[in-house]
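Protein chains in written order, with my numbering: chain P, 188 to 638; chain G, 188 to 638.
Hint data in this document are derived by calculation from the structure and do not stem from the laboratory. One or more hints might be untrue.
Which copy is meant is left open, because identical chains are indistinguishable; a pair holds if it fits in one copy or across any two.
Stated by the list, open to error - Computed list of lysine to any residue pairs in SDA-like fashion (alpha-carbon distance at most 20 Å, straight line): (1) K635 x E583; (2) K635 x S582; (3) K461 x Y316; (4) K461 x E351; (5) K635 x S278; (6) K635 x L578; (7) K635 x A584; (8) K461 x S598; (9) K461 x H276; (10) K635 x R418; (11) K635 x N575; (12) K461 x V206; (13) K461 x I483; (14) K461 x N213; (15) K461 x V219; (16) K461 x A559; (17) K635 x N213; (18) K461 x A487.
Protein chains: 2
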Amino acid sequence: MTAIHLRRALLAEQWARGVAFSIDDNGLLAPVVAGPTEAIDGWVIPGMVNGHGHAFQRAMAGLAERRHPARSADSFWTWREEMYRLANHISPEDLEALAAWLYVEMLEAGYTAVAEFHYVHHQPDGRPYADPAAMSRAILRAATRTGIRLTLLPVFYAHGGFTEPLRPLQRRFAHTQVSEFSRVYEALRTERGPLVEVGFAAHSLRAVWPVELMQLCSLPGPAHIHIAEQRAEVTHCLRHHGQRPVDWLLDHVPVDDRWSLIHATHVTTEEVAKMAASGAVVGLCPTTEGNLGDGIFPLADLLEAGGRISIGSDSHITVDPREELRLLEYGQRLRTHARNVAADAAQPSTGQRLWIDAARGGGQSIGHPAGALTAGRCADLVVLDPDNPKLIGHSEATVLDAFIFSSGGASPVRDVMVGGQWVVLDGRHRDRDAIFAAYRSTVERLVKSRG
Amino acid sequence: MTAIHLRRALLAEQWARGVAFSIDDNGLLAPVVAGPTEAIDGWVIPGMVNGHGHAFQRAMAGLAERRHPARSADSFWTWREEMYRLANHISPEDLEALAAWLYVEMLEAGYTAVAEFHYVHHQPDGRPYADPAAMSRAILRAATRTGIRLTLLPVFYAHGGFTEPLRPLQRRFAHTQVSEFSRVYEALRTERGPLVEVGFAAHSLRAVWPVELMQLCSLPGPAHIHIAEQRAEVTHCLRHHGQRPVDWLLDHVPVDDRWSLIHATHVTTEEVAKMAASGAVVGLCPTTEGNLGDGIFPLADLLEAGGRISIGSDSHITVDPREELRLLEYGQRLRTHARNVAADAAQPSTGQRLWIDAARGGGQSIGHPAGALTAGRCADLVVLDPDNPKLIGHSEATVLDAFIFSSGGASPVRDVMVGGQWVVLDGRHRDRDAIFAAYRSTVERLVKSRG
Numbered sequence: 188m189t190a191i192h193l194r195r196a197l198l199a200e201q202w203a204r205g206v207a208f209s210i211d212d213n214g215l216l217a218p219v220v221a222g223p224t225e226a227i228d229g230w231v232i233p234g235m236v237n238g239h240g241h242a243f244q245r246a247m248a249g250l251a252e253r254r255h256p257a258r259s260a261d262s263f264w265t266w267r268e269e270m271y272r273l274a275n276h277i278s279p280e281d282l283e284a285l286a287a288w289l290y291v292e293m294l295e296a297g298y299t300a301v302a303e304f305h306y307v308h309h310q311p312d313g314r315p316y317a318d319p320a321a322m323s324r325a326i327l328r329a330a331t332r333t334g335i336r337l338t339l340l341p342v343f344y345a346h347g348g349f350t351e352p353l354r355p356l357q358r359r360f361a362h363t364q365v366s367e368f369s370r371v372y373e374a375l376r377t378e379r380g381p382l383v384e385v386g387f388a389a390h391s392l393r394a395v396w397p398v399e400l401m402q403l404c405s406l407p408g409p410a411h412i413h414i415a416e417q418r419a420e421v422t423h424c425l426r427h428h429g430q431r432p433v434d435w436l437l438d439h440v441p442v443d444d445r446w447s448l449i450h451a452t453h454v455t456t457e458e459v460a461k462m463a464a465s466g467a468v469v470g471l472c473p474t475t476e477g478n479l480g481d482g483i484f485p486l487a488d489l490l491e492a493g494g495r496i497s498i499g500s501d502s503h504i505t506v507d508p509r510e511e512l513r514l515l516e517y518g519q520r521l522r523t524h525a526r527n528v529a530a531d532a533a534q535p536s537t538g539q540r541l542w543i544d545a546a547r548g549g550g551q552s553i554g555h556p557a558g559a560l561t562a563g564r565c566a567d568l569v570v571l572d573p574d575n576p577k578l579i580g581h582s583e584a585t586v587l588d589a590f591i592f593s594s595g596g597a598s599p600v601r602d603v604m605v606g607g608q609w610v611v612l613d614g615r616h617r618d619r620d621a622i623f624a625a626y627r628s629t630v631e632r633l634v635k636s637r638g
Numbered sequence: 188m189t190a191i192h193l194r195r196a197l198l199a200e201q202w203a204r205g206v207a208f209s210i211d212d213n214g215l216l217a218p219v220v221a222g223p224t225e226a227i228d229g230w231v232i233p234g235m236v237n238g239h240g241h242a243f244q245r246a247m248a249g250l251a252e253r254r255h256p257a258r259s260a261d262s263f264w265t266w267r268e269e270m271y272r273l274a275n276h277i278s279p280e281d282l283e284a285l286a287a288w289l290y291v292e293m294l295e296a297g298y299t300a301v302a303e304f305h306y307v308h309h310q311p312d313g314r315p316y317a318d319p320a321a322m323s324r325a326i327l328r329a330a331t332r333t334g335i336r337l338t339l340l341p342v343f344y345a346h347g348g349f350t351e352p353l354r355p356l357q358r359r360f361a362h363t364q365v366s367e368f369s370r371v372y373e374a375l376r377t378e379r380g381p382l383v384e385v386g387f388a389a390h391s392l393r394a395v396w397p398v399e400l401m402q403l404c405s406l407p408g409p410a411h412i413h414i415a416e417q418r419a420e421v422t423h424c425l426r427h428h429g430q431r432p433v434d435w436l437l438d439h440v441p442v443d444d445r446w447s448l449i450h451a452t453h454v455t456t457e458e459v460a461k462m463a464a465s466g467a468v469v470g471l472c473p474t475t476e477g478n479l480g481d482g483i484f485p486l487a488d489l490l491e492a493g494g495r496i497s498i499g500s501d502s503h504i505t506v507d508p509r510e511e512l513r514l515l516e517y518g519q520r521l522r523t524h525a526r527n528v529a530a531d532a533a534q535p536s537t538g539q540r541l542w543i544d545a546a547r548g549g550g551q552s553i554g555h556p557a558g559a560l561t562a563g564r565c566a567d568l569v570v571l572d573p574d575n576p577k578l579i580g581h582s583e584a585t586v587l588d589a590f591i592f593s594s595g596g597a598s599p600v601r602d603v604m605v606g607g608q609w610v611v612l613d614g615r616h617r618d619r620d621a622i623f624a625a626y627r628s629t630v631e632r633l634v635k636s637r638g
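Based on the provided sequences and hints, a complete structural model is requested.
Next up, the structure:
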């Protein structure tokens with residue numbers, strides 16, 4: 188049992204000065220007890236949850252911003268072909284090295300937890316590994332090595348489209364039976380612990396058909412699904428199910444507060460209201476959605492309806508929660524020609540409102556008691572450097588606005604604690620150099636093998 | 188005369204290996220002559236031009252992302268009130284300290300030149316300083332101190348709107364006669380030198396009326412104007428002039444390649460074609476335009492029409508050319524639901540095409556021979572660290588895509604040269620600490636005086 192004293196801390200809804208907590212043996216905050224405490228200077232805020240991502244895609248950051256010579260136009264769907272090609276070259280060891288470095292980048296950026304939406308399960312030829320959870324275990328090792336809080340979401344992925352079989356490029360992702368998937372899932376659930384939760388994902392309504400989706404619903408744990416990311420997906424769903432994706436899902440599946448609806452970009456006002464009423468978290472990935480040209484989610488409508496959000500770095504083209512939130516708000520401003528769209532009378536600071544909401548929604552989405560600094564929740568926190576040039580001159584009223592919106596130059600993130608353990612000090616992860624060396628040699632080998 | 192040998196350099200249109208230049212006494216690149224050369228490792232690219240900005244606004248970064256309690260909605264126009272309040276507290280010494288630190292941030296981010304659209308001319312009560320160019324000279328000193336290339340654009344600003352007088356809050360900006368402005372302008376023109384150019388700006392069609400605009404056109408040098416940033420401005424211009432702003436300007440003013448049209452957000456297809464045909468540069472400020480909720484400029488149309496662009500950090504809420512270009516491209520993707528919008532067959536790398544175009548257009552816009560690495564142009568260059576985690580595994584084909592689009596963590600900008608002088612080495616400006624200390628005390632005093 189250790190204890191911490193925070194000079195300035197962002198609690199559930201507001202800043203407080205001189206707050207103390209104990210940290211229990213599970214890495215949770217607890218009411219303070221007598222004894223020595225570690226004093227923490229700087230602006231202390233809850234660690235951000237990275238609610239959605241695919242770790243292996245970190246290796247293609249920057250490789251798909253180039254127009255393909257044979258195509259007149261690039262899109263999400265051509266990007267996906269490049270991504271499949273990369274996915275088919277990655278071994279469990281590669282994945283561990285990529286994910287470990289990615290998690291270092293996340294921790295240094297202020298993410299203290301990550302939900303891994305993990306669908307590269309099998310060998311490149313589609314056969315299961317001797318341990319069918321071998322790729323999942325690579326993710327678990329990477330998280331343990333770096334000290335990040337993990338929610339592993341093995342993905343059920345069975346079809347190539349609403350009426351199409353899987354293609355050869357997708358065979359590493361495939362499970363043909365929910366029962367087979369469930370056995371792997373049960374095995375992974377034994378790995379749960381203070382820093383590890385295990386849930387499941389249904390890849391999408393394209394890849395998981397209704398009867399399979401209903402079977403998956405009997406599994407315990409956090410449940411995630413990609414939904415309504417692309418307009419073509421909406422069109423196909425309308426044609427096949429006679430309803431839009433979110434509308435269909437909420438009418439046919441018992442979606443509640445263990446669910447995260449990832450993207451939900453293309454939704455009507457009615458669908459927004461239904462999502463908010465369901466208690467589910469809407470998982471927004473602004474930098475990837477911008478990079479892939481998905482579209483702009485109607486955030487203001489969801490917040491007004493009392494909906495919940497998380498953010499995710501998804502493809503990891505950007506690994507920075509500040510940029511996710513900045514781009515999220517800017518998308519709204521560009522859409523509505525107004526400013527401070529996410530703010531309201533209760534939370535007038537746009538940056539503070541976005542950070543609090545995304546951290547809290549993120550905590551809900553990953554099934555850990557993470558995302559806010561209160562007793563009973565995870566001791567996951569980020570200390571901002573008050574001497575960072577972006578934060579000079581700011582007080583509680585605006586410091587998170589400066590943190591999120593004033594960008595360029597070194598990040599104000601100075602120290603990061605997960606589950607009561609310091610993993611980043613003075614901007615550097617405790618094991619940065621060794622993890623980077625392994626990442627580097629992995630990427631260089633992958634580049635060589637892909638020609 | 189010194190000489191440099193670049194192992195890998197981005198020349199006018201493409202990468203080359205093993206390129207050498209001499210640097211002449213004016214800081215321009217020249218054909219190499221015999222003698223010792225300094226070898227430069229890393230990815231060498233032309234320095235970026237920051238084509239539009241107002242230095243004093245750096246002090247309000249993060250202060251206006253908070254919803255005003257008395258207002259139901261914030262907008263560009265309510266933001267402008269906050270900005271005026273700040274402007275009215277700044278002395279020449281304050282401005283020098285703010286601008287010097289801002290220019291350090293720019294140089295460390297890879298900007299090697301800046302166009303200062305400078306309109307805070309007079310004392311807070313509206314009377315000229317004893318030296319009417321006192322505020323302009325503060326900008327000149329800041330640039331000289333930091334080593335950034337400067338184009339100073341004193342702004343003529345005479346009216347509060349198409350039919351409105353200036354308001355008291357705008358009195359520091361006012362000149363009532365072009366003749367009076369011209370005398371200050373002539374005095375400033377004597378400051379021109381290898382690193383300093385002086386042009387002028389007309390604030391906007393709101394603030395400068397047609398007869399004044401025609402008088403300004405007789406002045407030499409680069410010419411800039413804010414135009415069509417906000418929809419209300421388009422409405423008012425239509426009402427007053429019977430034409431949209433860009434349309435009116437191009438029909439009534441001899442706009443040519445010395446001109447920069449700043450923002451030009453709200454334009455029709457016909458206006459885009461006219462801008463491209465004029466030879467003028469369109470000055471885009473994506474992060475500020477996102478922050479202020481201006482709207483998304485139709486970049487793809489302009490590039491297709493052969494138009495020219497620059498980028499600017501404007502309000503300096505973000506000081507990072509990578510983020511300007513990333514957001515510029517993402518805006519297009521979100522609008523069109525396609526990817527790699529700025530790329531084409533000749534320049535398939537989106538990042539490379541954006542960097543080359545914005546640097547070259549920026550050079551044109553500021554009246555220095557900057558923006559490309561060829562003999563006769565400025566020795567302004569940026570060296571990217573090949574060991575930066577974002578650049579690992581990349582070759583010439585994609586390195587600028589990774590540089591611009593893969594974000595989070597430390598910037599790959601390692602060393603920066605302006606006019607043949609190293610001003611940033613290993614990511615740090617040569618005079619960083621002293622300039623930051625002055626910035627810090629200035630901001631802390633300004634915050635205190637504003638309460």
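### Non-conforming hints, listed in increasing numerical order
Going through the list in order, the structure violates hints 3, 4, 8, 9, 10, 12, 14, 15, 16, 17 and respects the others.
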